[in-house]
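Student: What follows is each chain in one-letter form.
Number of protein chains: 2
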Amino acid sequence: MTVIMCRDAVGTVKMNELTINLQTKSGIPLYEQIYEYIKNDIRCGRMKSGDKLPSTRALSKHLDVSRSTVELAYEQLLSEGYVEAVPYRGYYIAEVEDLYRLDPMKTRETTVTGRKAKDYLYDFTPNGVDLNSFPYNIWRKLSKESLVEDRAELFHLGNPQGEYGLRNAICSYLHQARGVNCSPEQIIVGAGNDYLLMLLSTVLGQNHKFALENPTYRQAYRLFLNLSYEVCTVDMDSRGMNVAKLKESGADIAFVMPSHQYPLGIVMPIKRRLELLKWAQEQEGRYIIEDDYDSEFRYKGKPIPALKGYDSCEKVIYIGTFSKSIAPAIRMSYMVLPEPLLETYKEKSSFVNSTVSKVDQLILQNFIENGYYERHLNKMRALYKNRHDVLLGALKKMPGVVRISGENAGVHLLLHFKKGITEEELVRKAEEQKIKVYGLSEYYVESPAETDATILLGYANMSEEQITEAVQILKSAWKI
Amino acid sequence: MTVIMCRDAVGTVKMNELTINLQTKSGIPLYEQIYEYIKNDIRCGRMKSGDKLPSTRALSKHLDVSRSTVELAYEQLLSEGYVEAVPYRGYYIAEVEDLYRLDPMKTRETTVTGRKAKDYLYDFTPNGVDLNSFPYNIWRKLSKESLVEDRAELFHLGNPQGEYGLRNAICSYLHQARGVNCSPEQIIVGAGNDYLLMLLSTVLGQNHKFALENPTYRQAYRLFLNLSYEVCTVDMDSRGMNVAKLKESGADIAFVMPSHQYPLGIVMPIKRRLELLKWAQEQEGRYIIEDDYDSEFRYKGKPIPALKGYDSCEKVIYIGTFSKSIAPAIRMSYMVLPEPLLETYKEKSSFVNSTVSKVDQLILQNFIENGYYERHLNKMRALYKNRHDVLLGALKKMPGVVRISGENAGVHLLLHFKKGITEEELVRKAEEQKIKVYGLSEYYVESPAETDATILLGYANMSEEQITEAVQILKSAWKI
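These protein sequences, in sequence, are chains A and B.
Counted from 1, the first sequence has number 76 at position 76 by my numbering; the numbering is strictly sequential.
Counted from 1, the second sequence has number 203 at position 203 by my numbering; the numbering is strictly sequential.
In case anyone wonders, no lab produced these hints; they're calculated from the structure.
Keep in mind that the hints are not guaranteed to be accurate.
[Unchecked claim] With a cut-off of at most 30 Å between alpha-carbon atoms, the simulated BS3-like pairs for lysine-lysine come out as follows:
| # | chain 1 | residue 1 | chain 2 | residue 2 |
| --- | --- | --- | --- | --- |
| 1 | B | Lys144 | A | Lys379 |
| 2 | A | Lys209 | B | Lys434 |
| 3 | B | Lys144 | A | Lys25 |
| 4 | A | Lys436 | B | Lys346 |
| 5 | A | Lys436 | B | Lys348 |
| 6 | A | Lys144 | B | Lys141 |
| 7 | A | Lys346 | B | Lys436 |
| 8 | A | Lys302 | B | Lys141 |
| 9 | A | Lys209 | B | Lys348 |
| 10 | B | Lys48 | A | Lys346 |
| 11 | B | Lys385 | A | Lys346 |
| 12 | A | Lys25 | B | Lys436 |
| 13 | A | Lys144 | B | Lys209 |
| 14 | B | Lys385 | A | Lys48 |
Being a predicted model, the structure only gives us computed values, none of them experimental.
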C-alpha cells in the first residue's frame with residue numbers, strides 16, 4: 001500500500017491512499033483504471049468530500065505513468081461530478097451524495113408464462129421469416145457507418161413523418177416494385193403497422209365503421225375495436241371481399257389485403273379491385289386500407305401492381321412493411337396517405353413524433369439505396385420459391401386433400417380437405433407427431449355456416465429437407 | 001475484349017463475352033466484381049435467358065483467379081435468382097423479368113417548409129439536449145456487439161412490452177434513482193411518449209375526462225384531444241395543480257409533471273403530491289399520469305422521489321423517457337402501469353407489437369447495466385449544472401426582471417418581468433438581436449386573466465461562453 005502525502009494550500013495535511021494496481025495488459029486504458037479506482041474509493045467513502053487529490057504531477061510520478069494519463073482520469077472524475085477543480089489549488093473530492101449510483105440489479109428469473117412454445121419438431125407457422133438470411137454483415141457495416149461522431153443531428157428529433165431520404169427511397173421502391181406513384185410527402189414511416197393504424201385513427205377521427213375480410217388478420221380487427229371503432233366483417237368469395245356485401249354493411253372504411261389475402265392467400269383480380277375502388281368513390285369519406293404485407297414474394301406470373309397503383313381518386317391508404325421482407329424486429333413500416341387525409345394529418349396529427357430512430361432510418365435508407373435491398377429481395381424470393389416448390393411437390397397424394405390454394409405467392413398455402421374430416425382432428429394428429437399446423441378457423445371473426453377442414457402451412461421458416469420430412473410425417477399421421 | 005467459347009451438353013455453342021476488368025486494389029472482393037459484372041450484363045440484356053455461363057474452371061483460368069472465387073460469384077448469382085444450376089450441365093441465365101430491379105431514384109430537392117429555422121445567433125430553446133456529449137463511441141461499440149450473426153432471435157418479434165432485460169434494468173434505475181418500486185412486469189417500453197399515450201388510451205378506453213395543468217406541455221393536450229377525449233385544464237398555484245379545482249373539473253384522469261413542471265418549472269411539494277393521490281383514491285377509475293420528463297437533472301437539495309414512489313394505492317401511471325437524458329432521436333420511453341390497468345392491458349392491448357427494435361433495446365440495456373448510463377447521467381448533470389450556474393450568474397441585474405423561477409432543476413428557467421413590459425416586446429427585441437427566447441403564453445391552453453410577462457430560457461444547448469454572451473446582448477436589448 002502506498003501512501004501519498006500532500007499539503008494543501010491552507011496547510012492542512014491530507015493523506016490519500018492510492019493503491020492502484022495498474023494492469024498494463026488488461027486492455028483497459030490506464031486512465032480508465034485510475035478513474036475507476038478513485039471513483040470507487042469515493043463511492044465507498046474511503047475518500048471523503050473535501051479531501052484533496054494528489055497533484056497530477058505527484059500521482060503520475062508515483063504511478064510511473066505519464067502526466068496526461070492522470071490528467072485524463074481527473075478530467076473524467078471532474079466531468080462526472082466526483083471531484084471539483086479549485087483554481088490554483090487543485091482537485092477536491094466533491095459532495096457526492098446526490099450523484100447517481102446505479103448498482104446493477106440482479107436479473108430475476110424470467111417467468112414468461114403463456115408464451116412457452118410447445119416442444120414441436122416442425123412448426124409450419126404462416127408468420128415465419130427466414131432470419132438465417134438476415135444480412136448481418138451489411139447491417140452491421142451500415143450501422144457502424146451511421147454512428148459517426150460529427151453527425152450530432154442524427155440524435156436530434158427528426159421529421160415526424162420520417163426522414164426525407166428514407167421516404168424518398170421507399171417512394172422509389174413503390175414506384176418500381178409495386179406500381180405505386182406517390183410522393184415522399186405522402187409517406188409516413190412508423191414503428192410497425194399497429195402504430196401506423198393508431199396514428200391513422202387520430203387522422204380519421206371517430207365515427208367510422210370498419211369492414212374487414214372474414215377470415216382476416218385478427219390483430220387488425222382487435223386493434224380497430226380497441227380504438228373504439230364499430231367493426232364488422234364481410235364475407236369473401238374466390239376473388240376477395242364481396243363488394244355487394246360491403247355496401248350492405250354500411251361501413252365506410254374497408255381493410256383489405258389484395259396482393260395475398262391473409263389467411264386465404266387470394267390474389268384479388270383486377271376486376272374486383274376496380275369494383276372496390278368504385279365503391280370508395282361512390283361516397284365521400286369512404287376509404288380503403290390496403291395492407292400489402294407480403295407482396296414482395298410472388299413466384300409465378302407477372303407481379304400485380306398494388307391496389308394503390310390504380311387509385312386515381314385518392315381513396316387508398318397503403319400500408320407496407322419491412323417486417324416480412326427484412327425482419328419483424330427492425331420495426332419499420334410505412335403508410336401512404338391519399339391527399340385529403342394527408343392534409344388532415346398535417347393539420348391534426350403531424351405534431352406526433354416519429355417512432356423510428358433516425359439511425360435506424362438511415363441504415364434502412366442506405367440499405368435500399370446501395371442496392372442491398374434489391375439483392376436481399378431477390379435472394380429471399382429465390383429461397384422461398386424453392387421451399388414453396390418443394391412443399392408443393394411433397395404435398396402430392398396427401399391423404400384427404402382435395403385442393404390446394406393460396407400458392408404461388410407469400411409464404412404460406414392452404415390445404416382443403418374432403419368432407420368428414422375435421423380441422424381439430426388434423427391439428428391434433430399433427431400435434432401427436434410433434435408437428436404444428438394451423439387451422440383456418442382461428443382466423444374467422446365470425447364462423448362461416450359450414451366449411452370443409454382447411455389447414456395453413458407456412459414454409460418461410462423451414463429448410464427444404466425439413467419440409468420434405470415434415471410432410472412425410474403428416475402423410476402417415478393424416479392417413480385415414 | 002475477351003471471348004470465351006463454351007459448348008454445352010447438348011452441343012449448342014454459346015458465346016459469352018466476359019470482359020471483366022478486375023481491380024485487385026479496389027477493396028471490392030474479386031468475386032463481388034465478377035458477380036456485379038455478370039449481373040449487369042444480364043440486367044441490360046447482353047446475356048439472355050437460357051444462355052449458358054462458362055464453367056467455373058474455364059472462367060477461373062481465363063481470369064486468372066481461383067476457382068472458388070468464380071464459384072462464390074456464381075453462388076451469389078444463383079441465390080439471387082439470376083442464374084439457374086442444371087445438374088451435370090452447368091449454370092444458365094434464368095428468366096429474370098420478374099426479378100427486382102430497384103434503380104436508385106434521384107433524391108429530389110428537399111422542400112421542407114414551415115420548419116426552417118430563422119437565422120438566430122443563439123437559441124434558448126427549453127427543449128434542448130446537449131448532443132455533443134452523446135456517447136458515440138460507447139453506443140457504436142454496444143451496437144456492434146449486438147449485431148452478431150448467431151443471434152437470429154434478435155430479429156424475431158419481441159415481447160410486446162419490451163424485452164425483459166431492458167425492463168429489468170429500467171426497474172432497477174427507477175428504484176435507485178426515482179424511489180419507484182415496481183416490477184419489470186409493470187413496465188411497457190415504447191417508441192416515445194406520444195406512442196405510449198396512444199397505447200394507454202387503448203387500455204383506458206373512451207369516456208374519460210383528462211385534466212392537464214395550465215400552462216402545460218401542449219403536445220400532450222393536443223394528443224388527448226386527437227384521441228377523442230374530453231380534455232380540460234386546471235389552474236396551478238405555486239405548488240402545482242390546484243386539487244380543489246381539479247375536483248370541480250369533473251375530470252377522472254390528471255396529467256401532471258411533479259418533478260419539474262413544464263413549462264413553469266415548479267417542483268411539487270410532498271403535501272400537494274399527497275393531496276393529489278388522495279383525490280385519485282377518492283373514486284374508483286381515477287388515475288394520475290405522471291410525466292417525469294426531465295427528473296434526471298436536479299442541482300440543489302436531495303432528489304425528490306417520483307410521485308409514483310408514494311403510490312401505495314396503484315393510482316399513478318408513470319411515464320419516463322430517455323429523450324432528455326440520452327437523446328431525443330433514440331425514441332425510447334417507458335410507462336409503469338398500476339396493477340388494475342396492467343390487467344386490462346394484458347387482456348385488451350398486449351397483442352400490440354412493441355415499437356422499439358430489439359437491437360436498440362439491447363444496446364440500451366447494456367448501456368444501463370454496464371454503468372455507462374450512470375456515468376452519462378453524472379456527466380450531463382455536471383455539465384448542465386455549470387450552464388445553469390453560469391446563466392443564473394449572468395442574469396443578475398437583468399433589466400426589468402423581478403423574479404427568477406424554475407431554477408435548480410431541469411434544463412430551463414423562467415424570468416418574470418415587472419408590470420408594463422409585454423412578452424411580445426421582449427421576444428421581438430431579442431429577435432432583433434438574433435436571439436430566440438420563448439414567451440410563457442404559448443404554453444397556456446387557456447390564457448390566464450392577467451399575467452406579467454414571463455420568458456423561458458433553456459440552457460441545455462448552449463456553452464457557458466454562449467450563455468454569457470447571449471445574456472449580455474439581452475441585457476442591452478431589454479434595457480428600458
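Student: For the pair supplied as a hint, B:Lys48 and A:Lys346, is the alpha-carbon distance within the 30 Å limit?
Tutor: violated, 49 Å
Student: Could you grab the alpha-carbon distance between A:Lys25 and B:Lys436 and see if it respects the 30 Å cut-off?
Tutor: violated, 52 Å
Student: Check whether the Cα positions of A:Lys209 and B:Lys434 lie no farther apart than 30 Å.
Tutor: violated, 51 Å
Student: Are A:Lys346 and B:Lys436 close enough, with their CA atoms no more than 30 Å apart?
Tutor: Cα-Cα ~25 Å, so holds.
Student: Does the structure keep B:Lys385 and A:Lys346 at a Cα separation of 30 Å or less?
Tutor: violated, 38 Å
Student: Checking one constraint from the list: CA of B:Lys385 to CA of A:Lys48, max 30 Å. Satisfied?
Tutor: Within the cut-off at roughly 22 Å; holds.
Student: A:Lys436 and B:Lys346: Cα distance at most 30 Å?
Tutor: Distance of about 25 Å is within 30 Å: holds.
Student: Mind checking the alpha carbons of A:Lys209 and B:Lys348 for me, to see if they're no more than 30 Å apart?
Tutor: holds, 20 Å
Student: Quick one, are B:Lys144 and A:Lys25 close enough, alpha carbons at most 30 Å?
Tutor: At roughly 23 Å apart (the allowed maximum being 30 Å), A:Lys25 and B:Lys144 satisfy the hint.
Student: Regarding the pair A:Lys144 and B:Lys209, is the alpha-carbon distance no greater than 30 Å?
Tutor: violated, 46 Å
Student: Taking 30 Å as the top limit, are the C-alpha atoms of A:Lys436 and B:Lys348 close enough?
Tutor: OK: A:Lys436 and B:Lys348 at ~26 Å, within 30 Å.
Student: Taking only the CA atoms, is the gap from A:Lys144 to B:Lys141 under or equal to 30 Å?
Tutor: Given that 30 Å is the threshold and the Cα spacing comes to 9 Å, the pair holds.
Hints 2, 8, 10, 11, 12, 13, counting from the list given before, are not met by this structure.
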